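*Asks:* This is what each chain is made of:
2 protein chains.
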Amino acid sequence: MEVLSQVRAFGGTQGVYSHTSEATGTQMTFAVFVPDHQPGARLPVLTYLSGLTCTHANVMEKGEYRAACAKHGIIFVAPDTSPRGEDVPDASDEYDFGKGAGFYVDATCAPWSENYRMRSYIESELPSIIAREFPADMHRQSITGHSMGGHGALTIALRNPGTYRSVSAFAPIVAPTHVPWGEKALGRYLGEDAAAWREYDAIALIEDGARLPDLLVDQGTADNFLEEQLQTHRLITACEEAGIAARIRMQEGYDHSYFFISTFLAEHIEWHAKKLAPASES
Amino acid sequence: MEVLSQVRAFGGTQGVYSHTSEATGTQMTFAVFVPDHQPGARLPVLTYLSGLTCTHANVMEKGEYRAACAKHGIIFVAPDTSPRGEDVPDASDEYDFGKGAGFYVDATCAPWSENYRMRSYIESELPSIIAREFPADMHRQSITGHSMGGHGALTIALRNPGTYRSVSAFAPIVAPTHVPWGEKALGRYLGEDAAAWREYDAIALIEDGARLPDLLVDQGTADNFLEEQLQTHRLITACEEAGIAARIRMQEGYDHSYFFISTFLAEHIEWHAKKLAPASES
Chain R
707 MEVLSQVRAF GGTQGVYSHT SEATGTQMTF AVFVPDHQPG ARLPVLTYLS
757 GLTCTHANVM EKGEYRAACA KHGIIFVAPD TSPRGEDVPD ASDEYDFGKG
807 AGFYVDATCA PWSENYRMRS YIESELPSII AREFPADMHR QSITGHSMGG
857 HGALTIALRN PGTYRSVSAF APIVAPTHVP WGEKALGRYL GEDAAAWREY
907 DAIALIEDGA RLPDLLVDQG TADNFLEEQL QTHRLITACE EAGIAARIRM
957 QEGYDHSYFF ISTFLAEHIE WHAKKLAPAS ES
Chain F
707 MEVLSQVRAF GGTQGVYSHT SEATGTQMTF AVFVPDHQPG ARLPVLTYLS
757 GLTCTHANVM EKGEYRAACA KHGIIFVAPD TSPRGEDVPD ASDEYDFGKG
807 AGFYVDATCA PWSENYRMRS YIESELPSII AREFPADMHR QSITGHSMGG
857 HGALTIALRN PGTYRSVSAF APIVAPTHVP WGEKALGRYL GEDAAAWREY
907 DAIALIEDGA RLPDLLVDQG TADNFLEEQL QTHRLITACE EAGIAARIRM
957 QEGYDHSYFF ISTFLAEHIE WHAKKLAPAS ES
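Chains R and F, in that order, are what the protein sequence lines are.
Numbered by the working numbering, the letters in the first sequence go through residues 707 to 988 in order.
Numbered by the working numbering, the letters in the second sequence go through residues 707 to 988 in order.
If you are wondering where the hints come from, they were derived from the structure by calculation, not from laboratory data.
Fair warning: this is a prediction, and the values are worked out from it, not measured in the lab.
Treat the hints loosely; a few may be bogus.
[What the hints assert, rightly or not] Here are the simulated DSS-like pairs of lysine-lysine, each with C-alpha atoms no more than 25 Å apart in a straight line:
id: 1; chain 1: F; residue 1: K777; chain 2: R; residue 2: K768
id: 2; chain 1: R; residue 1: K777; chain 2: F; residue 2: K768
id: 3; chain 1: F; residue 1: K980; chain 2: R; residue 2: K777
id: 4; chain 1: R; residue 1: K768; chain 2: F; residue 2: K768
id: 5; chain 1: F; residue 1: K777; chain 2: R; residue 2: K980
Kindly produce the complete structure, drawing on both the sequences and the hints.
*Replies:* Next up, the structure:
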């Protein structure tokens, strides 16, 4: 792992790191904030998955998470949203497919299948690096994300019971098999047989019996993508029918941007912190 | 005044606005955050002056000020750092002169004197727009800034006694007449006669008898510009000799970036809020 930068912020260290990924076959960059801590201490980990077009940098610069993470002693991990590099196939002129739009899947269709393996990267490879390189207690993990990254957080948590103590999301894509962003991405990464898409659809996973540990979602009512792409009502219904305890909050007048995310991210961290406290293990 | 954007954030409205400036002869853009408030209420105003290369957007995206401003009911105003536009003379390839580097002076030398009038813009024109267009109580104003903007905040407050209840700064240029950034900018905007520079140098203004209402400064010890350009020790000495009550804090390990500013900006707002409270008028 290579250190690209480390700066002091909010009584901790905000770093950017790079490494050669086995999962994607590329150099992957990610950001980690580590609050100051006692020597030898191991801190819980909150992973934040970003949305379309983003890198690790958007939330690092605009997310306003460091004060809350420093207060609660939580390591904040922000990975990239896709493989990068000149050799990686891309869909130029499409913001919602290819680079910046990995959708947290392991692609099975050429030419995407060689590098677009963000599911394996987030579920397995990145946690092993965090465990090895940072003072992290990997038995205390939670996950969150925005939009496409909210989809990632929900589906990864649903497929990996016991891994995350809590999951939250900002304006998540909840039913990609039913909306244009998801139909396009899953169709091209996974092929036209929609049966293969179900493990990448939070609603379908819940219908198929998967459960979430605990769920907090914020969704702005002035979000331009709400009706066509996000369809929060599907998640509300699915959680009700499955008996999943969920706080899904419609936030009046908020949009899809980091002005929305930053408003509520500290509150999400506070909520995760309660689940991540050592006492919660019992 | 034209509304370029308005979004909901932290229980308030973050807007970006544009207008034709008499001071600069150009379109000027600025950002304003207005917390929700009672109908008819007038809120105090904190103006934040940005540093070299910045626009209104840097602090708006990376400053992490909205939570504190919403909590304390303070309007946050973030202007641009220079005139802009194709017709405005510039020094291409120089990040520290011309566009993005107005140094909060009224230039007297051609070709700069026509548009580079940021002193008049910040001292007179912008406050009149804020008073007219926003629910602002202009009898309760404070000012802060970063680097070149710290220089702006200090010199504007020193030249306008009674206007600002409090002044603070992040890594300010305190003695531009003695450092490369300042010598270059003041020499070209104002001419080679250094006597004309003194009203744009905080230390010189203090030496000449000007006083500050109350001062809070944060300066990172790992700031690459500390030794050559910022020279905080000159401000410490000048305040001591002039009997100015100043809290000048050296922050161990912090650099010159928004990671540094955002760490301490909420604390500055809290400090300004005490001076801006209505009770402080008595």
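*Asks:* Now look at each hint and say whether the structure bears it out.
*Replies:* Hint check results:
1. For the proposed pair K777(F) and K768(R), the alpha carbon gap of about 19 Å is at most 25 Å, so the pair holds.
2. This hinted pair checks out: K777(R) and K768(F) have alpha carbons roughly 19 Å apart, not beyond 25 Å.
3. The straight-line distance between the Cα atoms of K980(F) and K777(R) is roughly 24 Å, inside the 25 Å bound, and the hint therefore holds.
4. The straight-line distance between the Cα atoms of K768(R) and K768(F) is roughly 5 Å, inside the 25 Å bound, and the hint therefore holds.
5. Taken as a hint, the K777(F) and K980(R) pair is honoured in the structure, with Cα atoms around 24 Å apart against an allowance of 25 Å.
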